[in-house]
Each structure stands twice: as structure tokens, then as C-alpha cells.
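Enquirer: Given next are the chains, with one letter for each unit.
Number of protein chains: 2
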Amino acid sequence: MGNDGRNKTEHVSLQNVGAVNFFCNYEESRGNYLVDVDGNRMLDIYTQISSIPIGYNHPALLKLMTNPNNLSTFVNRPALGILPPENFPEKITETLLSVAPSGMTRVQTMACGSCSNENAFKSIFIWYKNKERGQNKPSEEELSTCMINQGPGCPDLSILSFMGGFHGRTMGCLATTHSKVIHKLDIPSFDWPVAPFPRLKYPLEEFTRENAQEEARCLEEVEDLIVKWRQKRKPVAGIIIEPIQAEGGDNHASPDFFRSLRNIARKHGCAFHVDEIQTGGGCTGKFWAHEHWGMDDPADIVSFSKKLLSGGYYQKDELQADKPYRIFNTWMGDPSKNLFLAEVLNVIRRENLLEEVTRSGKALLNGLYEMQAQYPGLLSRARGQGTFCAIDLCDTATRDRLLLQARDKGVHLGGCGDVSIRFRPALVFKEYHVHIFLNIFNDLLAQNK
Amino acid sequence: MGNDGRNKTEHVSLQNVGAVNFFCNYEESRGNYLVDVDGNRMLDIYTQISSIPIGYNHPALLKLMTNPNNLSTFVNRPALGILPPENFPEKITETLLSVAPSGMTRVQTMACGSCSNENAFKSIFIWYKNKERGQNKPSEEELSTCMINQGPGCPDLSILSFMGGFHGRTMGCLATTHSKVIHKLDIPSFDWPVAPFPRLKYPLEEFTRENAQEEARCLEEVEDLIVKWRQKRKPVAGIIIEPIQAEGGDNHASPDFFRSLRNIARKHGCAFHVDEIQTGGGCTGKFWAHEHWGMDDPADIVSFSKKLLSGGYYQKDELQADKPYRIFNTWMGDPSKNLFLAEVLNVIRRENLLEEVTRSGKALLNGLYEMQAQYPGLLSRARGQGTFCAIDLCDTATRDRLLLQARDKGVHLGGCGDVSIRFRPALVFKEYHVHIFLNIFNDLLAQNK
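In order, the protein sequence lines correspond to chains A and B. Following the numbering used here, the numbering of the first sequence begins with 77 at its first residue and continues without gaps. Following the numbering used here, the numbering of the second sequence begins with 77 at its first residue and continues without gaps.
Incorrect hints may have been included.
Each pair may be met inside one copy or between any two copies, as identical chains are not told apart.
Quick list of in silico lysine to aspartate or glutamate cross-link-like pairs, EDC-like style, CA-CA up to 16 Å [claimed, not checked]:
1) Lys-256 - Glu-218
2) Lys-277 - Glu-166
3) Lys-343 - Glu-166
4) Lys-304 - Glu-104
5) Lys-399 - Glu-282
6) Lys-205 - Asp-398
7) Lys-256 - Glu-431
8) Lys-205 - Glu-217
9) Lys-304 - Glu-431
10) Lys-256 - Glu-217
11) Lys-343 - Glu-299
12) Lys-399 - Glu-299
13) Lys-205 - Glu-290
14) Lys-362 - Glu-216
15) Lys-167 - Asp-393
16) Lys-413 - Glu-427
No lab work stands behind these hints: they were computed from the structure. Only a predicted model underlies this, so the values are computations on that prediction, with no experimental measurement involved.
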């Protein structure tokens, strides 16, 4: 990878590039294959941290670019909150609202995942305070103290989150993120409660009793924390959770766990915020991972980004801020990303990609089961839903070495947690791609045995 | 505006639309003229909250869209932090680094203004703690406590900001924003110090003595707050300020004030963060408003967004985070916006737009001076730098009425503060546009006298 070194040196003077894996040739990348700067072609099972929905240079997306009617949307980025384009309501109806989670008819667009969660939190706080106030207006004291960051205007409300959760890195989001030290160290935070996320045994169906006990323990702790924080006068206004903890190590919980948690939120008057930024968009075999819970009323607020190409959140009517400009910023999303999303949704429907994901996911998970049976010293805890799969290595060093070796063999993968590999292919990842990967992975494991 | 009502009703079910002014036809908008959904053509002196650098549908930007070599950049959005495109270092060098503020050779791209300031704050906190630590590694206690939002791992550091300042609305940014109650009420915040921003008398050259006194008072208060917060064990790691407070009412301060403030920051070991999100990009007649201060070392960190089409911040070498993944997110900007920025910068240079802005700005400010002399009961405090101008009306109701009347006469304007109109034209706003505006404004004032 000759040019790689040169580019990286040059790049070093510009940005913080310790994290750069390699430079890419996106022009030459196609479908599931990412091409690097030296022309190496890799099966991409990480897809830009799970943010490429239908592969590289999909013809439907390229075609959209050549339609002269679309040019203006790229060239003139509006301040969506005050001056939306004529067709924006229709565009949102045919894109984001056509895949709205159960019970939700409202969506607020944002430009990225962090801004989505930050503004969802703000909607929760506003809703919570308005609920407390009832018909009363904010007091003079609230109006004056909020301007200098003090209570009661800036109240001591909290969001309950889970150990191992990841919800972004801006300061509000970061206060609910608990996956790695490197994200959190040295950054001031809020005294918000952190509950344990169940540490389940896999495969889930073999450990139902133990896992149910572990989930019950965590749920009990959640209720204890809600009570404790109420007593501390920092009441829990909302609970945020991922349907599958991703960055934190691909940790699953049962539909029962989420149903109980949703009930606890309801019981204690906390908004239930499901963060689908990584799980949303089809990779679990359903468009939203929370659909696997089988609930009519799964959440009060659902945030998204990544595969949906820009960010935002769905919310119930009552979560809608009561006044304009309470939830606002200059761009509030990007209509040009919505143009792409419309095509992505068309392709998902036309090509039945959710079924495809279910099929490929089964093949992938079965392959991982077989391999962990074959290499019990190296592999454990294979798990997944759809193609949103993961497996643990015996230690961090082996995991990291394997990721590099896989790249040399033409497979690009990502890690998560301390010892896990996470699989995050695009929705166009077919069964035959699974087998290409499994063959290569098998060779690598034999080599590392 | 017949369709406007229908669109707004439909839109109401989707988003929080109380703030929507009207729906736009961006295809038909050209240069300084914004066209609404009913074909009304308006001289746009607000430009999507100051975020359209060279007008609508600029031919240079449209042309860029038809170049097949650019398609891939739009269609394949990378995770810039790990897999940048081959040409990204060159692109950044020819765009953002070619306009880097004095003393800065590093830039970190981000997707929006709020994310830019949030991550700049994080860089400041990391820098500050590393300075304290010297050669020592973070302690075990720091590593464990940071995961649950507690000190010492999440330290009680603060950012000093100014009353009337606006730095965004995500929770870190919002703790430094103090312009309007509607932004702040009900959102938990940090106990961070808020200093008074000078309330100067205009025109500045007529009140130099009074203004110098007022600035000295504010600077003294800044030092007092730094000492007080150090005693409270919430030391000030950074100071953030806008070169001209925008959202807070277009409040100016003298170059002397900023020079002294920069020295105070240096003296107390605080990073000096200049927020150029609204002032940057040429609208003051220089590319960065802080260039008017005439300093070699104006800041430690400078954030931008809006007219630069995506966000980010420049920083000094020592502000660069010491490890990868401390400043990170999925997208970290958007290379497709950089393609546009390259063209914008070409146009600015080719057409000498900074000189144009200076010329138009002079004509605008002189016109405003004349009008406030003519209508002293209605207008006061005309002020500005380049075309970044503002004027106060006698009260909020009159200001709001005038904004609506101006729109009916074909001029789109924005408000700021309680009683101000802010002028935020594109860089292609020429002297003859100034005169078109002044004529219309004059008619409106006569009508409102």
C-alpha cells in the first residue's frame, strides 16, 4: 500500500489521524467491495461504521445525480426550520414517514446522530417540565435563572442510560455513553444514573433461565436508580437504550427485557428513547430492530442516522416541543440526503432486501456457530440478528491481529467492545458473500490456532 | 401566497413548524434573490441564517454537479476519521487550510456548527487535563470514575462565555449560549461562568471613552470569574466568544477588548476559542472577523460552519488531542460539502468578493446612518463591519412588523436580539443591491413613522 504512507503523513499535519485505517478509492468501490488507494479490493463488512445502506456507487444513487431536477437540492442547502423547500413535506412523507415506527407520526430531521440524540433529550426535558407545570407558565425565576445555567430554569433532570451503551460524543450524548474510557476521560459530565445492561449467555435459547435472572437483576436496578435519583432531586426524565448495544460490544437482550423496561418507563413517567442509530435501516432483518419486540407502543422517541443518511428522531405527539425555536438549528438536516434516502428505500422494497438480510444473517450466524464449535479456544459468544452479528475472540490482541490479517486477505471488518468483531455489511450482502467471508475467516483461524 | 397555507398544514403533522416563514422554490432562486412557492421574488438579506456564501444556484456550483468525476463524492459518504478518500488531504489543503487563521495549521472537520463547538470544547478539556498531568498517566481512579460520569475522570472544568453569546444548542454548546430564554429553559446545564459582554454605544468612534470604560468593566469581571471559579474548583479551561455577537443582537466590541481578553486567557492558562460560525467566510470584509483585531496570535481554536458549508475548527498544535478516537464520530464532516467550498473560495478570489463586501458594507452602513438620522424615533444603534450590519428598532413589535412588511415589498430580512434587524446578505451582494434595499426600507419607515 505504497501511497498510503505518503497520504497519511500529509494528512497528519491536518487532522487527528491516529484512527485512519487506510485511504480509499471510492470511485472504484462497488456494491459490497471497498477499494483502497492501491487498488486492493476488499469485501466490506464494516461499511463506514454501518452507514452505507445499499453498497458503494449503487446505480440508483448515481442515476439520481444525473437528473437535472435534483441539482438545486444539492447546491442550495436551506435553513429547513424556517425556509423549507416546496416539496419537503412530500419528500419526508415518502421517505422517513413511510418507515415510521409503530405509533409515531412525527419526525424531526437533524444532520447527524449526535445532534439527533441531543435534540431528542431536549424534547424529553421540555416535555417532562411541561408535564410538571400543567397549565402554569414558567415562573419569572425560571426565566431568569435559565439564562445563567442555574436552577430552577435549568433543572436537575437526568437521562438514565446503560453501562456499555453508546449514544454519541457531544456533551449531552456523552453523558449517556459508557462504552470506552477513551470517549469519556477528561470531559465534564452530568450526574446521571447508569444501569447495568444484561450480560447474557449465548446462544440465548440455551440459557433462557440464567439470562432471565440476569435481566430481572438489571430491571430491578433500573427501578432502584429511578427512585434514588428522584430522592436526589435529579428525576429521571427519560431512559435511553440501544436495541442491541453496538459500540459497547454487541450486547443483546430479550424482547421481554425491553417490554418490561418500557413498562417501567411508563410507570415512572419517564420517556422511553430507543436509539436506533446503528440498528435502524434494515440490518437486523426488520427496518427497526425494536420491531423484534413485537409491541404496538415500543417507544416514545426513536432516533436514527447512519444508514438513513442523515439524522433525526421520531416522536409521539406529546413529545413535540410546545413552542417554535425550542428545537432548532441552522440546517436541521439536509434535503439532499433525503433524495438519496428515497432511492435507498425504493431499492430496499424492490429487491426485498429485508428478506435478503434475514437469509444472509442466518447463513452468517450459522457459519459463526460452526466455527466457534471448531475453534473453542479462539471464538465464543457468536450472536446476532439479521446480519447485525458479532463474535468474541479470546483476547484483544488476537482480535486486533485478526482484523489486520483479514484486511490482507481482502475482508474489511470492524471491532467493538474489548474482544469482539462486529459484522456490519450493507443490506445487499448476499448469502454468497457470507460464504466468501466464512472461507477466508476459516483460513485465518486455522492460521491463528 | 396560496400554497403556503396548504404546505404548512401538511408540514405541521411532521415537524415542529412554528418557526417556518414560508416555503421556497430553490430551483427558481438566483444569486441574491430567493423565490417563494408562489413565485414571489425577494432580495435575500438573511441567506438561510447567513449560510449561503455566493448566492443561490451559482453557475460554478451547478457546473461542479455535472462533472462525472465528482459523483462518487456525493454518493459514497465516508467515515472520514477511519477511511478518508484518497484526495482528502489535498482537498483540505486547497480549501480549509488555504484560509486558515493566523498561527493555525490544523483543522478538524465536523458536520455542523454545534458539533464543531462541542468537539472544540472537548479538545480544550483534554488539553487542559494533559497540561495538569504533565508526564503522568491518567490514574486508575480517573479511568474508573469517568465511565460513570463522576470526578476525577469527568472533571469539573468549565468554559467561560458571555451574556448574549450564542454558540449552538446541543447541551455543551447550550451551556455557553445566553441569548434567549427559549433556547435554555428546561434544559439541564453546567455551572459555568457567564461574563458580561460590553454594551457599547454606537457609532463606536463617537463614544470611545465611555466604551473603553465599559469594556474595562467587562474584562475585570472576566478575571474575577476566572478566579472565583478556580476557587470553586471548577477551573476555566477555555473562554469562548464571537467576534460580533450575532443571535444575541449584533453586539460589537473593540479590537482592544479582544486583545486584552486574549491576554487574560493566556495569563490564566485558558484556551481562547473564537467562534466564527456566523462571522467567518468573508461577510465582515475579511475572511475571518478576528483579522480585524490585527493580531499574530489571535486564538488557540477557531470554529466555523455556515458559509463554509460544513463545520469544523482550526486549532494550534498543542490543542490536538493526544490519542486517536478522543475526537471522533461516524462522519466527521462531509467531503461533498468540501467540493462546493473549493468552488466558493475560487469565486471569492476570482471576483474579489472581500473587497466587494467592504464596498457594499460601507454603502449599507452609511445608508443606515442616514436613515436613523431621519427617523430617530424608529431607528438607533446602526452598526456593522462589512455587510455584517444591524440596526435597532424602537420596540420588538415594530421590528417584527417591519420584517413582515419588508417581505411583502420583496426583501427578506432576519431579526436578532430583542429589537434588532440583522443584515446577512451573501458575499455577492453589490452596492446596487444595497440601494434597492435602502429605497424599500425608506418607504417602509415613512409608512411606519
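Enquirer: Give a verdict on every hint.
Expert: Okay, the hints, checked on the actual structure:
1. Lys-256 - Glu-218: between (36 Å within a copy, 13 Å between copies)
2. Lys-277 - Glu-166: neither (46 Å within a copy, 49 Å between copies)
3. Lys-343 - Glu-166: neither (37 Å within a copy, 56 Å between copies)
4. Lys-304 - Glu-104: The answer is neither: 56 Å in one copy and 58 Å across copies each exceed 16 Å.
5. Lys-399 - Glu-282: Cα proximity of Lys-399 and Glu-282: none, with 51 Å in one copy and 41 Å across.
6. Lys-205 - Asp-398: within (11 Å within a copy, 40 Å between copies)
7. Lys-256 - Glu-431: Answer is neither; intra-copy 34 Å and inter-copy 50 Å both fail.
8. Lys-205 - Glu-217: Result: close within a single copy only, 14 Å intra versus 35 Å inter.
9. Lys-304 - Glu-431: Neither: 44 Å inside a chain and 62 Å across chains, both beyond 16 Å.
10. Lys-256 - Glu-217: For Lys-256 and Glu-217, the Cα distance is within 16 Å only across copies (15 Å; inside one copy 39 Å).
11. Lys-343 - Glu-299: within (10 Å within a copy, 48 Å between copies)
12. Lys-399 - Glu-299: Intra 32 Å, inter 37 Å, cutoff 16 Å: neither.
13. Lys-205 - Glu-290: neither (34 Å within a copy, 38 Å between copies)
14. Lys-362 - Glu-216: The answer is neither: 48 Å in one copy and 42 Å across copies each exceed 16 Å.
15. Lys-167 - Asp-393: neither (20 Å within a copy, 44 Å between copies)
16. Lys-413 - Glu-427: neither (21 Å within a copy, 31 Å between copies)
Hint check: violations occur at hints 2, 3, 4, 5, 7, 9, 12, 13, 14, 15, 16; the rest are consistent with the structure.
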